[in-house]
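Trainee: Take the given structure of chain Y and dock chain X to it, following the hints.
These are the residues of each chain, in order.
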Amino acid sequence: MASLDDPGEVREGFLCPLCLKDLQSFYQLQSHYEEEHSGEDRDVRGQIKSLVQKAKKAKNRLLKREGDDRAESGTQGYESFSYGGVDPYMWEPQELGAMRSHLSNFKKHRAARIDHYVVEVNKLIIRLEKLTAFDRTNAESAKIRAIEKSVVPWVNDQDVPFCPDCGNKFGIRNRRHHCRLCGSIMCKKCMEFISLPLANKLTSASKDSLSTHTSPSHSPTSVHGSRRGSISSMSSVSSVLDEKDDDRIRCCMHCKDTLLKREQQIDEKEHTPDVVKLYEKLRLYMEKVDQKAPEYVRMATSLNAGETTYSLEHANDLRVQVQKAYELIDALSKKILTLGLNQDPPPHPNTLRLQRMVRYSATLFVQEKLLGLMSLPTKEQFEELKKKRKQEMEKKMILERQAALESQRRLTERQSDLASRATNGEVASFRRGPAPLRKAEGWLPLSGGQGHSEDSDPLLQQIHNITSFIRQAKAAGRTDEMRTLQENLRQLQDEYDQQQTEKAIELSRRQAEEEDLQREQLQMLQEREWEREREQFQATSLHTRTRSLDFQEVRPFQLEPGREPRTHLAYAPDPGSPPVQSSTVPKTLSPSSAGEPIRVWSGPPALSQEFFPQSTMSQQNEVPALNPFDEEDLSSPTEGTGGSPAAEASFGPSAQIPKEYNPFEEEEEEEAVAGNPFTTPDGPVSNPFDEKDEHHPQRLSPPVPGNPFEEHTSTNPFEMDSDSGPEAEEPIEEELLLQQIDNIKAYIFDAKQCGRLDEVEVLTENLRELKRTLAKQKGGTD
Amino acid sequence: MNVVFAVKQYISKMIEDSGPGMKVLLMDKETTGIVSMVYTQSEILQKEVYLFERLDSQNREVMKHLKAICFLRPTKENVDYLIQELRRPKYSVYFIYFSNVISKSDVKSLAEADEQEVVTEVQEFYGDYIAVNPHLFSLNILGCCQGRNWDPAQLSRTTQGLTALLLSLKKCPMIRYQLSSEAAKRLAECVKQVITKEYELFEFRRTEVPPLLLVLDRCDDTVTPLLDQWTYQAMVHELLGINNNRIDLSRVPGISKDLREVVLSAENDEFYANNMYLNFAEIGSNIKNLMEDFQKKKQKEQQKLESIADMKAFVENYPQFKKMSGTVSKHVTVVGELSRLVSERNLLEVSEVEQELACQNDHSSALQNVKRLLQNPRVTELDAARLVMLYALHYERHSSNSLPGLMVDLRNKGVSEKYRKLVSAVVEYGGKRVRGSDLFSPKDAVAITKQFLKGLKGVENVYTQHQPFLHETLDHLIKGKLKETQYPYLGPSTLRDRPQDIIVFVIGGATYEEALTVYNLNRTTPGVRIVLGGTTVHNTKSFLEEVLASGLHGRSKEGSQVTARSASRR
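One line per chain: the protein sequences are Y and X, in this order.
Taking this note's numbering, I'd label the letters of the first sequence as residues 1 to 782.
Taking this note's numbering, I'd label the letters of the second sequence as residues 783 to 1352.
Do not take every clue at face value.
What the hints assert, rightly or not - A few chain Y positions that, by computed beta-carbon distances, are all more than 12 Å from chain X: (1) Ile147; (2) Met253; (3) Glu495.
Unchecked claim - Just some of the chain Y residues that point at chain X, by a computed CB distance under 8 Å: (4) Trp91; (5) His348; (6) Leu364.
No lab work stands behind these hints: they were computed from the structure.
Glycine is no exception: its CB is placed at the ideal position from the N, C-alpha and C atoms.
The shape of chain X in the complex, shown without the other chains:
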């Protein structure tokens, strides 16, 4: 069930199968990302892969002494490029791997182009998704829906990605989907279709309890992607943005040249692997330890080398020292930037109110706090907007809803129209009307009691009170209590036992907070393995773009409403 490992295994197999000799890896835009998530350059260099080329790059030279490993998505353009390539081959031998199912006719046209018999392998290796963490994958699709329905191109890409994931993990699942979302149903059906069509591929050894694919829609929980995050990975994504494990630090003031872009990968950065799920305070102390360790080493390294033995030791330790210095400077820079942003944007205070909006039901106090923060000049446009969004989502139908007043406050604060419009768009995207389940006030007695007790005890950490809605869903699913009226099975058969291997897919994007939740569920629930996926992995900004791209502006309606209300007040 480890998705990183699954992709890595595919790549390793490709390289192994091509035998010894200098090699070039030919990829397209997407597969470049897929490979880069699981292999580092030096790792792949050791396997004699020396060049990485894009198939569509025109500037490739004839190098007959290289073997070419092609890892490509089976798109029309790629097939065309490949046909051209094979007509005039630039490398001695071609090992062709498609990341998904390729049609027979495409194979035929490729075969006919290979007049010089340079192709020695044509295979499908289903590494057709971005493996972020062992239990988290993404398809890097931003804006998958038009209104409430799928963008057809993205639907097919998502279906491909999801089926590739199933194939790479060798799972032929039963499928459940969120009834309230048309998109979820569509996707579930498409996946089912592929499974039926390619039934030969999906014939795996049967497990006692069949795996389960649960298809959800982001619109059921719009709160999670709007919250500030305090665990390392999620926080870095929220404040700096993670793109295929890369973090752009070029906007950090006074950044040095080689830290403009850094890579955070749990696969080969031990510090990151150990700290990605810890909260900001813990990371602070861990990074201090790391620094101290390093400083100890550094002192040793930099002291004058007086004897030959000293020098020997220096040379022997140098690479390790260098590696460590790289890690240290990277994390110190990242954490430093995070803490700068936290204080600059007054995030502690903002986050506290966000959490209150998300987890508690005290309308007047919430409203007061939001209003107070809107007056604070240090609160940024984005933060102000999302506070109002959270308010709008939670107290959408509250009797004394004062959203119009907050909208006025927003405008007075000078928040751009784009963000103000997004408030209503978010409500339309994930408001009460759309949601299939109750996000804010739990219905069953146990949950109510739990919340009540929580209120009595007070919370341990005000910044991390929020539990993504996904937690509840999965918890019910694991216990076999997830209602079929809300999450029906596709097809007649249902799962009688509790599920063991679960794949959750969120249309419209998952978040790192949810990834953490799934990670913790994995660790705390014996016998259950859960993999989370999404069309992308969101932070607040990208989520708002997702909402924008869906085209649900609600401009006319909501806009007029606001003006009407404010008018009536006067």
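Isolated chain Y, as found in the complex:
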């Protein structure tokens, strides 16, 4: 890492040697390195085994990084002035503060009280039941009285000279009356009645509740002044002497009060107000939207990008569903808002406030969620998008092909270089150079190009989609969703790995066969190259040549990533990533590879000096780290592990033991192959590397027209099914319009309420416009 300290040597931009993120300045790079990779040096240094772990780690990191970056940028305002302390806004969240519960104590006291209360109520109800158990209307009054007296002992008349409630003296005109429920005495004014229907209601309800639980229900009672009044006024009509109550039972106001409370409890238990019913429905739909909207957004994003992962039809269905839910939310909340507005008397202001608030929060909900729903492309648009995407892909393929060609050419050149250097005895030091350097170049666009997901393998595509969803989910803070997504991703990757392993095994077998042949060819080539190279070397000025080559060669590598980075989109900086190449190409081609850096790092005339900058640079990664591959590099210079165009510093292990199927190879290979879009769709048969290798001896031969790249795009099975996409096209558009009209109306309402008149104007203008469009459209379709 010492070489990092001199920024002058880092000429290709400030690339992080580990994750190859392109950073703007040296300082950023340094801090990035310290933040992200400080803990990883050990891994690099460690055994080969750790490579696998690292690959996994790196993969995880890539998946997470996006979210982290966002968090960082969001808080930049605070962090930009940090001097070592911590901004109070950045203090790590502490745990919930202390608290203390009094519930058990509370319950203890309450239980004592409640028991008493419950016993009282139940006693009254049991008596009431006894009093209503016989046929009152047909019984004689004397008999009734006898039964009544048997239910509860009546208080002796002489004991009570005054009405206990109002204090009036009893006499001839003010007669004593007995409560049939508790036996106490009161005057006529203070007397109350329980009607038979009420009594029946109370007793029948109590039978249920008493059998289930002894305490009164949880739903309590409330104020009930009016009812008592009306009943007592009615009682005054009854004749003074008529003691016979056919359809009612006399009682004191205390008993009546208790019983009325009880009645209210019963009522409330059964009754659910309209608001609650509507509200429950509202919440239901909100939940539904919460579930479905993200799914839809995922689909729409994918479709709008011209991807074919989801079918347009399905997305349309989902859109309709979600929109339906929104409409229902809107309608329900409107209904809640206007609930009881026409009633007489009008509802309590608080009820209205509640309804307004529910409506308001529903509007907020709709605004927040609905407006995030992007629209779907129409059928034609989608076709276009697909075409565009295909074109892009093709373009990319061409670029890749060029890059591949270029790299082949370079490889051959390098081979000769290597040979020349080998004679100089400098091989060892040079050999370390190229790998990290090229890696850096190959990766360059990765950071920028992450947005375009062009993986041609459906599985890869899916994997990539999911990673981006995870990112989105993370940004949106939906951790649970993220979890499921990550689970998904894992499964996908496993499957993919498996699939790739099989392919890779087959591939490597075939490639191994070819290898011998190729090696021979290479040997020859190498010699030829070397000769040529030497001639050139002597003939021309090295400076000019290297410089001009510099451009030629750097460019292809920057383009090339079209192929490479994709791997990493899904797989993160996977050190062992392209083992297919390593198992085949590198071994045959690599002898020349070490030569490449000379040209890339043009400059000083002397060869030995030329290597200086880049070997130091490579040290960041390799040399000081005592990379396990070093050994191998040194021991087998002609096998040049670091040589393949896309090869990476770290793919050594697979190159080292490609044919022996070492324990790590499998894993690495899986991932490596995964990264290679060429091999996947049309299987091992049209493996581009095979072809490349075949062309190689001819050097700079143009790509075969029947290039597999093109084939595979067109034969992508996933492309087909999406063609049957959009059907419900037109109506949706109209629906959308209507929806938007509704929305704008809502805004107008909102704006009016806030008193923003200018806004209202703009909005009305829009509304008119929208309506006109709608009419036009209708006219057109009809």
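Mentor: Frame of chain Y, contents of chain X only:
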């Protein structure tokens, strides 16, 4: 240590625990303020809390389909109201949370009132203070002392607030207090008492270095609350007044209806969060950027919507656009008003002299400047009075003190008697006799050298030379150099290491300038977290009211002195 987060967590927990369904939040006057500081209405609406009611409001309807979350201070009135409420419950279920320790007997009487078993939760959640910023809390008590001693009611409220803060942050601190203040000692003892009594509550996981509570008294630094401020938050409070994050703009000329009262909360206003500690000039340029951003957006929004795509985009962007327009108009209005006041009251000039009075020791130049400004008709009564107050505080014992002359000038300027009396009252409140430490002339050599060098170099910004005295105190505290003779520990044990978690409480009110100082200390000192609190957060006006409420008028003595001196002159 984040106090906003601590309170917010409590509220979130309450709402979560009550489960799904429509809810009403029942609060009292104080808890309404506490909740409003940490939650916005739309935020809380999303958690199905649709109504906010005061427990003491008579006009509440029976709504059995609502769940009630009660967040109340455990006062006698609240308990009584709650008992009435439970006798005739208006809501289906009650979740009761007290913001502080409630007595067993109160719990019992509540339990006995709950005949219908509507209460499902009774808890103490210690969110019993106003969380202003993550590192700043207040109790919104104006006038906590009578003379030099506590108003007993306020002492108990302050003790409750402070212990609640400790509980919500889960800190069981060692306590130091300012020796020169009797009130500080009293409060420290009361807090200690509560900790001892409720030792079960204060049993937290021990940290290596125990947290520290430092109790200070405003009278040790009366200069800070008298200065004009130039950072956004402090300036808004000084010139417009912040009350629970709300700013009353109704007196601003030509204000539109929906900007009469605006809310400035760092929790959900990004611009404010990023700018609250920047100075006036920086805010000016930032607000320009904000405006430009907005204008760009606005142009896009207001251009005629020609295609459906345009309309789609409009509808999609509208809420965001609206939100942004709200932020822009709010800050533009506030900053506009600030700059209007600055020029109207000639504040740049006034502030320069204030800073000179507070930070430099050149008596004749200071006197000259004060005299000059007193002649300026644009200098308001309040500004004139505080210039004289600062002079009186700084040059209280100066050999050629010419306070009487300035008092005459004040009267000639037509400054009301109330303000003139306050000059002497302020001196009595925080004069040399009272102060335990030297506010104006530092004693130790380092500080003297520092000041000397500062004088040589000249200052970068004449308006922000002043550092609150609190900075020095905390600096010493962090370095372990705070003298125990001036700030003794309560109890026998002392802190051997340098403190890490510090809670500073200022009796008589903190200021936003001090909040900024603490904020900067937090950012610049690794491993140290400081939370500042006060009985209230002062600006000059409220501080003068605090002085007035303390009853230290010094009327007779000082008044006669003035007349005597002026008489002798003649």
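Trainee: Are the hints correct? Go through all of them and say.
Mentor: A quick look at each hint next to the structure:
Every CB of chain X lies more than 12 Å from the CB of Y:Ile147, the least distance being 32 Å, so the non-interface label holds. With a closest Cβ-Cβ approach of about 17 Å to chain X, Y:Met253 is found to remain outside the 12 Å limit, as its non-interface label requires. Every C-beta of chain X lies more than 12 Å from that of Y:Glu495, the closest at about 37 Å, which supports listing it as non-interface. A distance limit of 8 Å between C-beta atoms decides the matter here; for Y:Trp91 the minimum to chain X is near 5 Å, and the interface restraint holds.
Hint status for Y:His348: holds, given a least beta-carbon distance of 4 Å to chain X, under 8 Å. A least Cβ separation of about 6 Å between Y:Leu364 and chain X falls short of the 8 Å threshold, and the interface hint therefore holds.
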